[in-house]
Each structure stands twice: as C-alpha cells, then as structure tokens.
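So the sequences go chain by chain: D and R.
Just remember that our numbering sits 1289 ahead of the position in the first sequence, which is counted from 1.
Just remember that our numbering sits 1 ahead of the position in the second sequence, which is counted from 1.
Quick caveat, the hints were computed from the structure, so don't treat them as lab data.
Please note: incorrect hints may appear among the correct ones.
To be verified - Simulated DEER-style distance windows between Cβ atoms: (1) R:Ser82 / D:Ala1305: 49 to 55 Å; (2) R:Glu60 / D:His1296: 23 to 29 Å; (3) D:Ser1373 / R:Asp64: 42 to 48 Å; (4) D:Ile1349 / R:Gly73: 27 to 33 Å; (5) R:Gln98 / D:Gly1318: 31 to 37 Å; (6) D:Ser1315 / R:Ala102: 22 to 28 Å; (7) R:Asp64 / D:Lys1347: 43 to 49 Å; (8) R:Ile61 / D:Gly1318: 20 to 26 Å; (9) D:Gly1318 / R:Arg23: 32 to 38 Å.
Unchecked claim - Below, in silico cross-link-like pairs of lysine-lysine (DSS-like), each with a Cα-Cα straight-line distance of 27 Å or less: (10) R:Lys101 / D:Lys1360; (11) R:Lys43 / D:Lys1402; (12) R:Lys43 / D:Lys1350; (13) R:Lys43 / D:Lys1358.
None of the values given here were measured: they were computed from a predicted structure.
Idealized CB from N, CA, C, for every residue including glycine.
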Amino acid sequence: AQSVSQHNHHVILSEAASLELGCNYSYGGTVNLFWYVQYPGQHLQLLLKYFSGDPLVKGIKGFEAEFIKSKFSFNLRKPSVQWSDTAEYFCAVNANNAGNMLTFGGGTRLMVKP
Amino acid sequence: EPEVTQTPSHQVTQMGQEVILRCVPISNHLYFYWYRQILGQKVEFLVSFYNNEISEKSEIFDDQFSVERPDGSNFTLKIRSTKLEDSAMYFCASSDQTVKASEQYFGPGTRLTVT
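Using the sequences provided together with the hints, build the complete structure.
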C-alpha cells in the first residue's frame, strides 16, 4: 500500500526566512501529487498539484514544489515566508492504480514569527 | 467561490447511537468523498462515490458505515452504531473530475465526539 511521509512535524521560522517542507512517498508507479494547506480554523485548501510535465510546479501564494521521481519526493518550497503562512501543510498522493483515493502525509505545522 | 459545506460542525453522541453527517458538495461536481482524521493522526480516506454508487472504499469503511446521496445536493455519511474509536474529524470532499485530472475540494469538517 502506498504511504506518504512528512519528516518535519513542526517548523518555526522568522518572517522572510526560506521554507522547504519534505514529502516522500512509497509507490513505484505513476503518481499524482498535491500539497494542501489548512489555515487555523479553516478547511483544507489546495496549494498546488502535479499530474505530469514540468516537475517544478508553481502554486498559489508564492509556493512551489519539485517532483523528483528518483527520490520519490515532492518537497514544498517558498523563498520568503510571511506571518500569514502560519498553517498546517499536508502532502497527498494519488497512485495511478488507486482510483480516486488520496493518501495523506502526517502534516507539518508551520509557525512563522513576525 | 463555491465551497463544500458540512453540518453539523460538532456532533456529540453516545456509544452505540447512530449518527448522520451531512455534506453539500459543490453543485456541478460528480465525485464525492469522505475522509477522517483521528486527533493526532493522518487524514485517512474512507470512501468515494460516483454515479450513485460507491466506487472505492478503505478497510476502515466497514458495515457500520454507509453513504447516500438522498437528493441532488446532499451527500451523507451514516455510522450505524458508533464506537469510541469513531471519534474524529470527518471531512467531505468533492471534485468535478477524477483525482487524476482535478483537485478535491474539502469541506470544513464535522468533529464527531463519541462518549
């Protein structure tokens, strides 16, 4: 069965610092990859997604992620975080043989200090 | 912007009771999903629903669970006889195409507490 790992459970950064959140998955076939964000008190929202093509994907609010197939990774990055990026970030994977099911990582709670 | 809505936001029930969690997916969407997140654990897939039938379900989705689209707008999750371990946040989601072509839009969740 596929699984998704997010190694950083809690990250604390100061404003303007650069961010990289790790996401690794275990599935050898074709995958569709997603990053979702959950701001305090709000629902899960899509930041960006990768289906095929350019492995460097740009999303909303200045976020980007790079799919590295050889490393089974889809890390999320932002060059300069803001206080408003304080949220929980979830990586999710859909394997091509897994219907429409999303498998989520455990989430990374990001706190940005003003 | 259209949103997935869920009611109630918090449901408290006693063990053994039946609960129905309600969701209103985005109106032109065709694929519907339930996920849950037990406190401190990962978000887990429960079931997907398309064309008025279950298209896939996880091991968690046993005979105690059922889903229904009783009319053109609602999508419900029923738990027949709740257990303490059913306490979790339940998320409904919908999409206009399969997940291989489109994102899933999530609702705000219903927190179910079984006492």
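- Query: Checking against the hints above, which ones are violated?
  - Reply: 5
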